[in-house]
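Full structure from sequences and hints, please.
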Amino acid sequence: MGWSAMLPLLVILSSALASFVIFFLDDSRAKLRTAIYVGGETVKLVLVLVMLRGIYFEEDYELRVPVLPGIDFLLRVNELSMLFLVLSAGLWLVTTVYSIGYLRGAPHRSRFFGFFGLSVSATAGIALSGNLFTFYIFYEILTLATYPLVVHRDTPEAMRVGRMYLVYTIGGGVVLLAGVVGLQLVAGAVEFTPGGALSGDEASGAVLAAIFFIFIAGLGVKNAFVPLHSWLPAAMVAPTPVSALLHGVAVVKAGAFGIVRVVHEVYGLELAQTLGVLLPLTIIASVTIVYGSFMAAFQDELKKRLAYSTVSQVSYIALGISLFSLTGSVGGVVHLVHQGVMKVTLFLCAGAISETLGIKHISKMGGIGRRMPWTMGAFALAALGMIGLPPMAGFISKWYLGLGAISAGQPWVIAVLVLSTVLNAIYFLPILYAAFFGKPSEEVAEAPEPEGRFETDPLMLFPILTTAAITLLVGVFAGMEISPLGWSELIAGRGTDYEPRN
Amino acid sequence: MASVFENTNWMLAPILVPLAAATVAFLLMGIRGEARRNAQNAVGLAAALGVALSALALWAMVSGGGPVRYELGGWEAPLGINLYADGLSVFMLITTAIVGGAGSVYALGYFSGREGEDARRKEDLQDETGSFWPLWMFLWASMNGMFLAADAFNLYITLEILGLSAAALITLGGTRMAFSAGMRYLMVSLLGSLAYLLGVALLYGSFGALDLATLGEAASPIPPVWAALALISLGMALKTGLFPLHFWMPAAYTSAPSAASAILAGLVGKASFYLLLRVWFDVFGGSAPPAAGQIPGVLGAVAIVWGAVMAMRQTRIKTLLAYSSVSQMGYLFLLFALVSGAAPERSFEAWGGGVYLVLAHACAKAAMFMAAGVVIYSVGHDEIPRLRGIFQKLPISVATFAVGGITMMGLPTSGGFTAKYLLFTASVGTGQWWYSLVVLAGSILAALYLLRFLNPALIQVPTAKVYRDAPQIMSGTAFVLAVFSVFLGLMSAPLFELLSVGAPFPSGTMGGS
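Order-wise, the sequence lines are chains A and B. The numbers in the working numbering rise by one with no breaks, and the one at position 404 of the first sequence is 404. The numbers in the working numbering rise by one with no breaks, and the one at position 6 of the second sequence is 1006.
You may find that some hints are simply not true.
Stated by the list, open to error - Here are some chain B residues pointing at chain A (derived, C-beta under 7 Å):
id	residue
1	A1057
2	L1190
3	P1412
4	G1429
5	S1443
6	A1447
7	L1451
8	N1455
9	I1459
10	Q1460
11	M1491
12	A1493
Unchecked claim - Mimicking EDC-like on lysine to aspartate or glutamate, the simulated pairs with C-alpha atoms at most 20 Å apart in a straight line are:
id	chain 1	residue 1	chain 2	residue 2
13	A	K364	A	E455
14	B	K1393	A	D154
15	A	K360	A	D300
16	B	K1393	A	D26
17	A	K31	A	E41
18	A	K439	A	E451
19	B	K1393	A	D27
20	A	K364	A	E301
21	A	K360	A	E442
No lab work stands behind these hints: they were computed from the structure. Even glycine gets a Cβ: it sits at the ideal position worked out from N, Cα and C.
See below:
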């Protein structure tokens, strides 16, 4: 077993081991904890970059361990894995730095950072899984590792939500398992293959279609498809960095990433189209997009509004994937990254506001832009990106989704996109207006002046500015080959005769 | 090294070592006070180490050269006593070595209470008479004897010793409740053995043989064989606690001292299940009508749901765990329906899945009972409503409960996941998909009943007073065992290689390609 076979495992272990050590550290040993953690992150990032380079030059990284009759534990890296892995490793670093500032002096920090790191390790495992069985394993580990984060505050309310979270996600996991086993029985060991692993001859079309929908139902819980979404707004009880992690990188994304894997690399677009399962998925995603946006407009609590916004935005990914068009797929896959970066920015801003000024409701955010200009500036950037204003990241996604809808012969999807964009504007623009042009609310007027040079803890501010800058950069430089868009075109084009533009 | 393992005398070690330790520990009961405790502890630990080493030696022997038969004193069957070890036997020995070893280490701390230390004790923590070690060692010897016995009568003898020593362990606490639970267990146990003995008598009357292999060759589908199968199954279902014959379990597991509860719930129930596997597949392999497997299968399915629902309604940790065992035992019995299904190539998966759950559940459940023991030791009770926020005081034990729960829920990477995955695959693969729904439902129900304790235990509220710190070796052992159970899913490959040695069904190749 060579070095290149161990690399995927090392990527997972680097963060997992650092987290494991942290569990045994006393809460007061902040410096040592930070050192171990940052050490683990650095190792991980370096390994990820080595692998990214290798994949670009078409090297193979594969670790295969037989575990059961007919079943392997398989880690294998391809372009799609790298997209998700880079996203999770990068945003992990940002949210960790933020968390150090956010949780300064709070209790149970060792527990928090331990499970935080484990969640990211599980996400890396999800990214690197080479077959459905391995994917399922990490998918469930993610559920368990995020539960302690959701209930981190240990209040009865948090415990109630935690219970709901577990029931939803374990229920979803159970359904997913049914799909994994079903496909294993029908088609034997299925490994993720660009362009699709199934040929369509394994079983009758009805059986394959039924298994497809079992997958969608199982993955749809984490992906928060309506009506399986209720846990997501409720999970807002968790600390803000956790919400950012859940929404931007880990849990919700794991569901979306799983759907991409199933459609693109298990069934393949061609087969899925032949089976007629794509249109129902488009409809589910469209309903979720509109419903989520609609509900978001009615929330006064900032984090709740952002949560419903996630319900809506994450389904863009499934929407793009479900269009029988490579342009649509590009839009869906690239939104995996774009939505992550933008939503993490928004959540980090919300957390900074509530930690600095104690404001959690939109109705009390009047004039906040003058007190926290940088934070609100970043918020504005990400919000405008969400609405889809060029040249921000969100515009690129929506543009490709729209083009995809046309080339797939589903022009009504454009209407969904337009409606969602209008609703996005309805729920984001009033926040920006009030923040920059509104009369200062009581809370903002009475807020104490910042203590140091910065408007909030610099460990919170810099991550916010970083992700906001990325939001802008991935949009502006979308034309480059190494941008998320360029990479997504590479992914969508594999196994087809599609030529990415250069 | 290989030559050492070829010596079949190794096969006696897993029986003789604990038996010798039992005798020594029994003689040591004559000494008083601290000296006795130390001496007994040393004997017990040495025996645990000996069992572990001999199990490993047998593993090497069986995986190297296939199933082994040992003729005691050189007398062949049917005259002499024979021992027989295949993959399943060694797998069970390894299970007792791991769980029994952990139980022995745990007992060091558990029985270390000083006399007269507290007035509020709920369980006997002192073992004033020093009878834990002799009983536990007898129990261990009888279990290992059962796993190695080659004939139906020796199985009966080990079964009886097992029942007697287990009943005595239950009453060790000396409370009135413990006595009544112990008596009830004794009656159940005797009834179960009696049913087994009647079954064996029928077989002996029909074929004039007691050796399992000989019986397996001779058995044919005739009415006495069916009656024997029914009697033996009934007796063993009673002793394993299959719904609706589980009535004795909650009281027995709850009133026993937690060190004993861990062993009872982890190992003793599994021993009678092992016997059932042996008889059902090695003796009646070809002669039982396929539909017969549906009876234990359906009862197992009901047990999964019923046990979980009852577990949700409990207010004590130990009764919750006992009903959880009712539910988990149900999974084991599914395999009877699944191996006799329409697809023979799925049989090894179903059989192996059930057997793997024996190990996974033994580790996880023993760890959870040990954690409950730490709670009782520290707080004086295990009543869930009075344990709100106990995580702040006993973090390791609550964590043990949570980690052990991963196996109950059947989530990766626990051994419970591997087992339930195989059972699930087998039920879909044999076209009996309704069992797969039960397997899945059981996971969700398990999450619900585990949260019954975990949710209140984790919140930040003023919590129960810890009036005595439990020795760290107790919570530590429990935690290590629970963590081990979570990694069992990753160690499945060598263990399934072992199980395939002499298995009643052909196994597929490991891995997907």
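Hint-by-hint comparison with the structure:
{"no.": "1", "hint": "A1057", "in the structure": "violated, 26 Å"}
{"no.": "2", "hint": "L1190", "in the structure": "violated, 40 Å"}
{"no.": "3", "hint": "P1412", "in the structure": "holds, 4 Å"}
{"no.": "4", "hint": "G1429", "in the structure": "holds, 5 Å"}
{"no.": "5", "hint": "S1443", "in the structure": "holds, 6 Å"}
{"no.": "6", "hint": "A1447", "in the structure": "holds, 5 Å"}
{"no.": "7", "hint": "L1451", "in the structure": "holds, 5 Å"}
{"no.": "8", "hint": "N1455", "in the structure": "holds, 5 Å"}
{"no.": "9", "hint": "I1459", "in the structure": "holds, 5 Å"}
{"no.": "10", "hint": "Q1460", "in the structure": "holds, 4 Å"}
{"no.": "11", "hint": "M1491", "in the structure": "violated, 9 Å"}
{"no.": "12", "hint": "A1493", "in the structure": "holds, 6 Å"}
{"no.": "13", "hint": "A:K364 / A:E455", "in the structure": "holds, 18 Å"}
{"no.": "14", "hint": "B:K1393 / A:D154", "in the structure": "holds, 14 Å"}
{"no.": "15", "hint": "A:K360 / A:D300", "in the structure": "holds, 9 Å"}
{"no.": "16", "hint": "B:K1393 / A:D26", "in the structure": "holds, 15 Å"}
{"no.": "17", "hint": "A:K31 / A:E41", "in the structure": "holds, 15 Å"}
{"no.": "18", "hint": "A:K439 / A:E451", "in the structure": "violated, 24 Å"}
{"no.": "19", "hint": "B:K1393 / A:D27", "in the structure": "holds, 16 Å"}
{"no.": "20", "hint": "A:K364 / A:E301", "in the structure": "holds, 10 Å"}
{"no.": "21", "hint": "A:K360 / A:E442", "in the structure": "holds, 13 Å"}
Comparing the model with each earlier hint shows violations of hints 1, 2, 11, 18; every other hint is respected.
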